[in-house]
Every structure is written in C-alpha cells, then in structure tokens.
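Number of protein chains: 4
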Amino acid sequence: MGPKRGFLERLEAGETIIGDGGFVFALEKRGYVKAGPWTPEATVENPEAVRQLHREFLRAGSDVMQTFTFYASDDKLQNRGNEASKKFGCAAINEAACDLAREVADEGDALVAGGVCQTPTYLSGKGKEACQAEFQKQVDVFIKKDVDFIIAEYYEHVEEAVWAVELLKKTGKPIAASLCIGPEGDMHGVSAGDCAVRLAEAGADCIGVNCHYGPIKSLETMRLMKAGLDAAGYKKHLMIQPLGYHTPDCGKQGFIDLPEFPFGLEPRICTRWDMHKYAREAYDMGIRFIGGCCGFEPYHIRALSEELAKERGKFPKGSEKHGLWGDGLRQHTKPWVRSRARRDYWEKLNPSSGRPFSASCSKPDNWGITAGHDYLKQHAEDTSDKELKEIMEVAQSR
Amino acid sequence: MGPKRGFLERLEAGETIIGDGGFVFALEKRGYVKAGPWTPEATVENPEAVRQLHREFLRAGSDVMQTFTFYASDDKLQNRGNEASKKFGCAAINEAACDLAREVADEGDALVAGGVCQTPTYLSGKGKEACQAEFQKQVDVFIKKDVDFIIAEYYEHVEEAVWAVELLKKTGKPIAASLCIGPEGDMHGVSAGDCAVRLAEAGADCIGVNCHYGPIKSLETMRLMKAGLDAAGYKKHLMIQPLGYHTPDCGKQGFIDLPEFPFGLEPRICTRWDMHKYAREAYDMGIRFIGGCCGFEPYHIRALSEELAKERGKFPKGSEKHGLWGDGLRQHTKPWVRSRARRDYWEKLNPSSGRPFSASCSKPDNWGITAGHDYLKQHAEDTSDKELKEIMEVAQSR
Amino acid sequence: MGPKRGFLERLEAGETIIGDGGFVFALEKRGYVKAGPWTPEATVENPEAVRQLHREFLRAGSDVMQTFTFYASDDKLQNRGNEASKKFGCAAINEAACDLAREVADEGDALVAGGVCQTPTYLSGKGKEACQAEFQKQVDVFIKKDVDFIIAEYYEHVEEAVWAVELLKKTGKPIAASLCIGPEGDMHGVSAGDCAVRLAEAGADCIGVNCHYGPIKSLETMRLMKAGLDAAGYKKHLMIQPLGYHTPDCGKQGFIDLPEFPFGLEPRICTRWDMHKYAREAYDMGIRFIGGCCGFEPYHIRALSEELAKERGKFPKGSEKHGLWGDGLRQHTKPWVRSRARRDYWEKLNPSSGRPFSASCSKPDNWGITAGHDYLKQHAEDTSDKELKEIMEVAQSR
Amino acid sequence: MGPKRGFLERLEAGETIIGDGGFVFALEKRGYVKAGPWTPEATVENPEAVRQLHREFLRAGSDVMQTFTFYASDDKLQNRGNEASKKFGCAAINEAACDLAREVADEGDALVAGGVCQTPTYLSGKGKEACQAEFQKQVDVFIKKDVDFIIAEYYEHVEEAVWAVELLKKTGKPIAASLCIGPEGDMHGVSAGDCAVRLAEAGADCIGVNCHYGPIKSLETMRLMKAGLDAAGYKKHLMIQPLGYHTPDCGKQGFIDLPEFPFGLEPRICTRWDMHKYAREAYDMGIRFIGGCCGFEPYHIRALSEELAKERGKFPKGSEKHGLWGDGLRQHTKPWVRSRARRDYWEKLNPSSGRPFSASCSKPDNWGITAGHDYLKQHAEDTSDKELKEIMEVAQSR
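Protein chains in written order, with our numbering: chain A, 7 to 404; chain B, 7 to 404; chain C, 7 to 404; chain D, 7 to 404.
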C-alpha cells in the first residue's frame, strides 16, 4: 500500500468518506469518561479503552479517526473544579489522543483528524483573541503530530467557529467545520444558510453540522445550509455527523435541553435501520463526509458503510459479523426469528418503546441563554451548593 | 491479597455478588459477534475485544467473570451452516474463553464462572444422554482450566436444566442454575415455583432466572420461584440476571417473540436509573447474586454496584468517572443541566421515546412451538431459501 | 303489533337483547347532569333531554330502556350537600324516569327496566335492613309504574347485590344483576366466579357485569363468572354492559381510580370498530344481553346492533344514516376518503392519540379502601374544605 | 328584553361572542347524519334532534345559532348518488334549518347565522359564476328567513371564499368568513396572511379559520392571519372555530388526510381543560368570536364560556350542572375523586390514551390534489366499484 490519499483528494475524486461515532457517550457507558466535564484525559488514563473504540470504528468502516480531543482545550480542563489541566496538562492529553488515533488509523487506510470545539472562553465572552489562544494550544499539538486534517466542530455560535477556521487555515491543513445547530440556526439567530456561508467565507473546505440533533433534523438543517451555499455561489464539500438519537421535539438548543439529557436518552437511540435511511438521504443530498456523533456506536457506523457499500465499492471488515439486512438470522434456532432474515422486515419495522407510562415527546427546557450570560461563564471553582440551588429554582419555576 | 474467597463462601457470609452483563449483544454492537449464531468464536478471533469487555464489567463492579461460552456447545457450533466447530473446535473456543475470563478476573477480586446453556440437541429431541454429552465437552474444559464455579443458564425447559445440573454436580464445583423463563413458567408448562424446586432437587446451589425478560418481569418470576422453594422447604441462594430491556408485553417465550428482536430493541433499553430500582428490589427480596444479561452494558452493572455500595461496603472503580445520581453534572457548562445534578431529578424521570409514530407495546409472535418440533431441529446445512419461504408464510399468516 | 314479548321470553327463545348506553356521562356532556352527585333529577328538570337520549338509543337498536334512576336512591339524593331529595323527592325523580322510559319504549318494541344500584348506606356500613329499605323506595315506584323487569347494577360488593336481588325477587319481575367488578373480583376479595354463583343463589335470572372496565377487561371478567357458574352447575342468562373506554391499566377499583376520571377520559374512548369486536366476542361467549355503560354513546350501541344484525335478523333504524363498515364514505368528496369505504380499512385501523406528550397507561390511585371506611360514609353536609385538604394530602403522599 | 343587539354591534362594543360546536359530527354520533354526504336534510327528517343540539349549545353559552346548512348547497345535495336535492329540495332543507335556529335562538339572547361553505362546483373547476349561483340559492333562503348575519366558512381555497364574500356582501348583512386552512396556507399555496388580506379586501367583517385543525394549530394559523392583516393595515374582527381534536401531525389538508378520519378520531378528542387553554389563548390574541367545529360537543363550548365568564360577565346556564374546575367532585363518594375537586389537578393532567398498541402521531395521506383534479369532480352517479378500486390502488401505492 502506498501513501494514503488525503482528505480533499478523496472528496475531490467523488469518494464518500465515512466518519466515526461519538467517543464521550460511548466511553461514558464503558466507564472511562465522566458526564459533565466529559473528561478527555481518558487518552492518558485509559489508553486501551480509547484505542479499542477507535478500532471498533475502523472495523465498522470509518475512514477518519478523530483525535479524542473533544472539550480538551485548556480552559475547559480547568473549569468548575476540573483538575485535568493541572494533573495531566492540555498538551499531554492532546498528544496522547493523536498517538492513539494514528496508531489505529495505520492499522487500516484511515486518516487522522485533529478536533477543536467550542470553548468556555467564548461562552464567558472573552473575545476572539482569547478564544484563538485556546485553540492554538491544541493546534500546536496537531501540527507536531502531523494530523491529516483538522475538524472545527460543535459550535453553537458561528462567530466562534469562524474564529476557529481562520486560525486553523494558517496550518495549511484541510479544514472541515461543523456547527451543532438545527434548522433554526445558531444561538445568535444567524440562519442555517447564513452560517454555512460564513464558514465558507472563512475558508472551510468542508461544511456541515454535528451533534445536538438526530439524523432527521440534521438532514433538514443540511438542506438549509446547502441552499445557502448554493445561493451564495459556493461549491464546498458537505459533512454531517448527527446524534444517534431521535430528537423530533428538540428546540434551538438541541438535545442538551431535553429533560432526558444526558442520562435518560436510551429510548431515543436509533436502530441500525434508521441509519440506513439516514446514510441514503445524506448521500442523495450530495453530502460525502458522513458520520456520527454522541450516541453513534460502532454498529451504527457499520450500517452507514453497509448502506453505501455499493457506492464505496467495499464492505467494512465488521460486516463479517453482520448478515446484510439481518441475513445472519437464517442461522437462528427459532423459525419465526429466521423468518426475519430479510430487508423487507427490518425496513418496515416500527419499534415499540416497551414503556407504557412514557410519552413520545418531551418539553425541552428552552432557557435560551447564550454566550456572555453569567450562568455560562467559566470559573475555576466547583459549582457551589448555593449556585446549584439557585439554578434549580430557576429550572423549577419555568 | 490472599487467595480469593469462593462463590459459596461469599454467599454464605451474606455478601452480595454482582454479576456481569451480556456479551453477545454488546459484542454484536461492537462488531465481533454475529446475531443468529451468536458466534462465541470471538474468543479466538478477537480476544482483545472480549478481554476489553471483561475489563469494563470488572471496572463496573462485577464479581464474576463468566466465560464467554454462550452457545459454545459443539452441536450449536455446527448448526445450520455454522462452521465454527470445524474451523476452531469446541475445545479451543471454550479454552480461550476461560483464559480471557481468568486473566481479567485476576486483575481484581473476581471469580471465574464457566457457563453452559441450552443445546440444539435438546430442541431436536435427542434425549438426556445426548444432551449431557454436549455439556461434558464444555465441562472438560472448565475443569482443565479450573473455573471457580459453573453456571447452567438460559434454559427454556427445566428438564434440560436439570440434566445439566446433575452432570455439573459431578465436578464438585458450586453450581448456579438459571432458567430463561417468565412468570408463566417453562415451555412445557411447568410453573415457575415448580421449576425452582426441580433445580433444587437436582442439587443446584444457587437458583434463579436470566435473559428473556427485563428486570420487572424477572423479579416477578423470582417471587414465584422463591415462594415455590419456601413452600417446599428449600433454603437456596437466589440469582437473577435479566435483560437490559423493558418487556411488559412479552409472552411465554420472552423477548425472542417480540417483533423487535434482535435488531430493533433500542427503544426498550433500560436507563441506569431503572437499574437502581431493580437492584434495590432484588436485594430486598433476598437475592444475593445480581447481574444482567443481553442489553446490560457496563454502565448498567455499575448502577447495580452503586445502588448496593453501602451494603457491599465499596464503590466500583468505574465510579471514579460517574458522579453518584448524576452529581458529575455540577461541572456541566449549561445551568439547566447543572440543575439535574441530583437524585430527585433522575429518580422521577420518565423518559420519552422520541418516536411519535411508535407504540409502547408490541404483539409478540407467540408461535408456542417447543422442543421436538420439526422447525427447531438442528441440522448441519444452511437454512435453505425454500425453508425460509415456508416459515415466512407461516409467520405472515398468523 | 301484539303485546311485547318479555325479557325472559326473549332470552329463552335465544334472542340477543341489545342494551342501551350510559346516561350520566352522556348527559353530563350535554349539560344536564352534574359529575360527582351524577344528578338523576334531570328526569324532572330536563325531561326533553332525557327523552331525546332514550330515543337515540332506541334508534340505535336498544331493546331495553333503562329508567334513568342511577344513584336515585334517597340516601344518595341527600349525601354531601345534595338537596335533590328535599327539592324533588325520591319518588318523583324515579316516577319521571319510568314515564320517560315507557314513553320512548312504546315508540318501538323496547322493554322498560327499572334500575337500582349501590347505596351510600352500604358504604356507610349500615347493614342489610337499611340498604333494603333504600331499595324498597325505588322498587315501589317500579311496581307502580309496572316496569318490564328490574336490573340491580353497579355493585362493587357482591354482598350488597345479593341483598338487592333478594328484595327484588319479591316483586315477581325478572331480575338481572350486574356487578362493577373486574377480573380480580369484588372489593371484599370474593372472586369473580364466586360472585356470579352468589347472585345465582340469590335468584338472579341474568348475571353479569357493568361499568368500571372497558369491553376487553369486562369480557375477561365474564369468562371467569361464566366458568364459576358452569362449575357450580348453574344455567343462567348472561349480561354485559361495559364502559366505552379502554382501561388496560385499571386495578381493582376500575376507572374510578384512573387519574383521568371523570374529566380526562377522552383519549380512551372506544371507536365504533372496537365495539364490533366486543359485540362479536360477547356473543361468541354466549352472552345474550349486550349493552354499554358510561362512555357508550348512541353510535356505539348502533355498532353492536350492526355487528349482530344477521343474528338478530334486523338492522337498527339508525343504520339509515350509517353505511355498514364505512360504506357511506363512497359519497365523500375526497378520493382518499372514498378509498376508506371498506371493512378491511376500519377493521385494521390502529388509531393514533394525537398526544405526543401523553403516555398510554396511567398509574391508578389504588387506595383500596372499602365499605365501612370512614372516608366513604354518607353524611348530609357538604364536603368541608378541611376534609378536602386532608384527603388531598393523603392523595399526594401516595 | 328589548330587541337583540347585532353581531357587529356586539363585537364593536368589545364583547366576546361564543360560537357553537360541530353539528355534523355530533349528529352523526347521535344517529341522524350520515358521514360522507354529511346529510343536512336532518333538518327536515329529524328536526327534534337538530333542535335539541341547538338547545344544548345555547345552554352551554353559545351566542350564535348557526343554521345547520353545512354542505346544503344544491350541487352537493345531488353529488355521487345523493338524492336529497330531488327528495327534499335545497330550499326546504335550508328553510327548516333557519326555522330551527331561530326557534332556539329566541329561547335566549342568541343570534342566527346563515352558513354557506365550499361547493363541489368549485372543486369541479366550473368557475365563479357557477359557484355564486349555488351560493345564491342558499342566500335567498337566508334573506327570506332574515338571519342576523352570514358566515362563509370551510373554504380550502381563498379564491372560492372571496367569491362567496363578494356575493354575500350584496345582502347588506354582516359577513364573517373563515377558511379551513392551517399554517401552510390554502390549497393553492396562498399564505395564511395573504388569505386574510384577500378576505378583508372582499369586504368580510370578521375573518378567521374553522375546522380541519385542532385548537393549537388553528391558533398558530390565526397568528399568521392577524400578522397579515396588521401588515396590510386592516382592522378586522377575528374569529376561530377549530376542531375538537388534537392534530399535531396534520399536513396541508388537515384532518381529512389523517388515517383516522372520520371514524377513528376518538383518541384525539380534546378534554374540557384543553378548551380552557384554547379560549384563553384566543382571547389574549384579540379574537372575539370564539367557537368550535367538528368534534366540539356542548361541554366543550361550556368550557369556553366558563374560561371567559369573568370577561363576559356571566356563566352559561349549563354551568348549573358543572362545578367550575371540577368542583362538583366534592360530592363524589370516593375520597380520592373528591381530592380532584380543584383547578390545579385538572390543569396539570396529561391524560393517557389507554392504547398501548397505538402511536401518538399518524402519517397523513397527503395526496395534495386540488380543485379541478378529475378525482374531485362532482357527478350525479354513485361512486362505482371500478372507481373505488382505482383509488384504493392509488391509496395503497403511496
């Protein structure tokens, strides 16, 4: 095998790139990441667990190993009692993430993508320079470790994403940029279409959304972003990495606002068949970097790879252990389960919740506060009981 | 640390033993096990994936590492086109499983339990001797590898379970026995209470249920089994390892009969908070070997360990990355999420399904055929298209 | 037309008698009955409204006009601030009810059935003599007005029903007796089968259930009652008059315990197609007096008549305005609605709730208190605020 | 009591006018109207049933008695095998309707409103002159019978509504106009705001929506219509008469497209408490003619009157039999039901469906064909089996 072909090289050749799934949620369930701070120091503390998850995504067909550097900016690592910055250091955490991603990427034909995301610095209203200084600390590591490209992802405010892209462009690496917005646009009221245009103006090579909404809503947002780019005359590559959850009831802030976030989302988990539909729709819309975010497990990624196997000319390694459209059930002991070994059955299945006392939709919190609000500011101390009591009262009075 | 204390020693001292979760479903989602044959040869093919899952359960508080030998009897390994018997051999698969379980068990204070389960031989109506011959092949490995105790689990017919226990008793190891039955009893119409008594008569040291039903229904079954044992004057240890799914609508055959089995069960997945309730109820009923089966992920097992942390005098290692009752959310950026950092919130949460087009209950298939029926017989050949068409017609005419 | 054939004459000839629907709930929605006291004085205050409802049931195929004398016993008419006894008098209310029922019955071939039901006197623990004295006041009117037969209905305690039947037998009229119990039996723990036997022993000619549960649960109860009668060697006519609501989640006290009772039951209302299934199952079980109770509107009764039209040799008059199985939709303007003009469509329809924020089942209150409990005692005064506060506290602490 | 004050007189004095509920659905359930042709000849055939329903609405607080002349245009009375035109005559049906409305209106202080609605002539694409000729036949009766005002209602195409309003204006009577559109606008793609403006331009005195959507969606449409009128500088009175059903899943054609239409809508029926919220929101938006359409029963109208009792300075007569916010339950026998005698309980109730096998939302048919399409054309003959088969095939292939 010669040298790997690059991110843009692949996209420009019309190939479909399969992304990976969500690390923080998957590793939280496996016991290595703490919900709340979403501790990226797992790369240092439990590298074997991070490596294993990379391998599962590679096996499922992922062409991209994203460094597990989500919320690994230095300001986040010292927010609200987080001691990771002091204990491990921002550089060490990011370096370990790059090494793990590279190790597994080289077990296949995958690319390594460094990742930066929104910062407490921005939410605290400290401005462009301060934000870019946080990004720079991570980018220094990405350059040192020579990642293949960089993803600026999970931005609720296009303004901060633009600042990130502008900085990242200086590296000379290909830059992908995705916002965690829905059809209503960003938290400052910029429409989805305009958000896409601003990212294009800033120089992003590939544009789209990730996280905060499930496949259906994210595809809806992508339609708007694509329309915005088309109207402005931009030809950009498109990307999408949605949640692995159903979110028909989400408002502007996405799944963060759902009462089930983050410990009661189970009933919303998508099936592999939902993912087939999602992959097909994304492909048909012209998106060529298709992956997942929180809630996406390896089998969800495998479903994307299987749906697009013909277009990509290959099945993922993990399909050895997966009969296409349930075909492996031919070997099941029970005849009625064997009778489900067919596409028609699974494509039409509308699964029940098993929860007769639960509703299908929730009322999101909809606080609607955004960058600069006092409640969102970074601070080094733990959240105090007094502060907690105060916001509980606000929450309950809504 | 001195020599580990044994299974019965712990139970007799009144300790609560936490079991592990489900390997076949978890490894299927990770890409290493094929649904249908539920390929146990993963122990040989991808030992690193099996080892990692053992480690996650250990970290979550499991005191028992069950060898991943489910459906690893030789007859199953050559059923309906399965080539695992020929390719790897029953002994090699079972040995590798024992080695992996032992390796991880010794990273902590856990015990290794060999596991045998129901056989195609029984469903084919071949009788006691033939069944026991299949069990013996696995037991030989367990003795060679010196497991700490043996679990006879996942039996739909108490008759076959009794045959298994009788054989296993000859090893001199402590024997746990669990059926995959619900409140309606076994597939031959033996009541849950009578099933328990027959296992006791056969010499099982610990008696209960696993798989086929979620926590609520399984607890209901345990109440009946306990009442049966009490009425018959037996004092036996009790065990329970239910599904990690909600199954209010299951009939006699359990979740196998649900239209969602096995690829559309996502909306039924239990939350960690469901597991707290389950652990408490099981404990209060006097059950002291409490674990999980299919659908139980490491974080579910951790929830059992956390609920019973006071009784057990310890938290699992994995709790380092889990604020009790959501306490870690104090470090979340959004104030309304911080306001959920409390037991009261999660205990009362009734999560929505996010599926407005789905119902809450399904109609199970209820074919109701049992051991000896032609459709259930083992055969070496693949399921033919003709056979598949025939049973699809049966399925659709119901 | 000669003299009408009697109640028993019809049953003994093997005819199927269609009952009527629920007066208190229907008239409450029309504005003439107050929920709580369920004011039967509508017969005096608004006879035109009561007469019209009788007519609609007659038109729908009802063979029985039940006098609107539910909760028209004298003790009830003076309970908790009710002034109906003083203002109108028990006799006048019951007499007006008889006259209205007779007037409409004679517009067709229907029979008039006087009705008595459970009394506050019983719930207050005042004993047999006091209860029978209350019944006697109503029976005197029924005799004076020469009703065709008498129904003792809506008893939660078989003991009180037996007292009623014993007294009613003295009139020489045919006696039908129905309890408002479910599969769990009466409020004193008498099984459904035993309840039926006791009513048979007391001399009831026709035995069954009414109110408190929807068709499905009521049919389940009837299976148990029938089995009880069969086992005891009784040959009795059977009757059923269930709610027009779905009640899968009801406990022992029936729909009274549902949080939706009585002002939020709308989502549970049965469709006409549910009623077809109910009528068929009741008929197949051998029940020959088939009607409805609370929630049953005229179109529900018409559905019973239409389902059994062949067996009864006639359609109800109201079918002039109802194409069988939706056939009238052939005249609808929209083609896709015309395409629903067929049995197959409506028989398979599983209607959605239109309520994405609601669950499918409720948790019943399950207070479980019964006759003699202080909270159930009759008293003349209004419910005081103090008393209300006390029970609200009990309710909320559960 | 002097002469009644007129429609505009009341509105201009700032009074809130309560409309009535839906006649075709209510009378269908009572057995007097046939679904499909929605037979208005009930006014001739069963005047006592129509009169009684008028009385119930009057008692519930309705200030308007709408003549039961829905779908009583001559072309409709002879469409698809309808023989009402020949048998009774358009004039006789409309005259009887006027007489019944006037008789009951004069039992109180209510106004009589003649009503015209969309015609098969329009759907058949026959043009303005032909449509107005149909309206004229009804209007001639309204003038002869001297109705107080005229409502042009239930138009899916604003064009036809404008033709109606233009004609009606010639009578000199006050004219109210309501479309059966939702937030997406009319069937020709005219936005809700523009629709309102066109009705204003045509001279309608009071503008709004009726039918096709439940209260929530209809209020959403009214917000758009009001915004359109405001932007165009029109000051018009506003009206709203929504369905009594929940319709969150309806598309452009409203509830006609739901698979439950018209015989499976039960689970969607609004509670009285839903109506309190609706009345309050409509009032707060500035709407002063507030009523209901299909699915609205007398108790729903009473709820509107009760919610606005303070603003209107009076309770309806029917409130004699209704404790405000469930207060009558103080007289209930069971203590836990007495504990529900309070606003807080009912306001927060989220009722369950009692249907564990049903979903919350349906997929509408969305055929999307409109005026002029061959399938929508009026013809005198019955729908043939061949035609039915053809559209069933279209329906099933979608």
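These aren't lab readings, by the way, just hints derived from the structure by calculation. Treat the hints with caution; some may be incorrect.
Heads up, the list lumps identical chains together, so a pair's fine if it works in one copy or across two of them.
Lysine-lysine pairs mimicking DSS-like chemistry, simulated, CA-CA at most 27 Å apart [unchecked claim]:
#1 K10 <-> K354
#2 K323 <-> K35
#3 K323 <-> K132
#4 K316 <-> K35
#5 K242 <-> K320
#6 K175 <-> K93
#7 K35 <-> K283
#8 K176 <-> K35
#9 K132 <-> K258
#10 K369 <-> K258
#11 K143 <-> K340
#12 K283 <-> K258
#13 K10 <-> K241
#14 K392 <-> K354
#15 K316 <-> K151
Exercise for review: Provide an ascending list of the numbers of those earlier hints which the structure does not satisfy.
Suggested key: 1, 3, 6, 8 and 15
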